[in-house]
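Engineer: Sequence:
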Amino acid sequence: MGYLNLDKKKTTSTAKELNVLLADYHLYYQKLRNFHWNVVGHNFFDLHVKFEDMYEDAKTKIDEIAERILT
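Just add 39 to the spot in the sequence shown (first one is 1) and you have our numbering.
Each hint should be verified, as a subset may be incorrect.
What the hints assert, rightly or not - For lysine to aspartate or glutamate, the following EDC-like pairs were computed, each having C-alpha atoms within a straight-line distance of at most 20 Å:
#1 LYS55 <-> GLU106
#2 LYS100 <-> GLU56
#3 LYS49 <-> GLU106
#4 LYS70 <-> ASP92
#5 LYS55 <-> ASP102
To be clear, the hints were calculated from the coordinates, so they are not data collected in a lab.
Please put together the full structure from these sequences, using the hints given.
Structural biologist: Below, the structure is given as structure tokens:
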């Protein structure tokens, strides 16, 4: 594959699997955002911050996976 001289068949298979992982991470990210927006109760502030940390981490992972697919 390109300048890295990787086997096209192997990289295509890996890219397909990474696309599945990317889709799963997008769902995970959206669920975390939903939890963040809808948390209620006496632990609101702790959970609100925790869910924000988690969805920000998921967003970073999404970017890393997408970039890996393109390389």
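Engineer: Each of the hints needs a verdict: does it hold here or not?
Structural biologist: A quick look at each hint next to the structure:
A hinted pair counts as satisfied when its Cα atoms are at most 20 Å apart, and LYS55 with GLU106 qualifies at roughly 14 Å. Proposed proximity of LYS100 and GLU56 is supported: the alpha carbons are some 15 Å apart, at most 20 Å. Among the hinted pairs, LYS49 with GLU106 is consistent with the structure: their alpha-carbon atoms are about 17 Å apart, no more than 20 Å. Straight-line distance between C-alpha atoms of LYS70 and ASP92 comes to about 13 Å, which keeps the hinted pair within the 20 Å bound.
For the hint linking LYS55 to ASP102, the alpha-carbon distance of about 16 Å falls within 20 Å, and the restraint holds.
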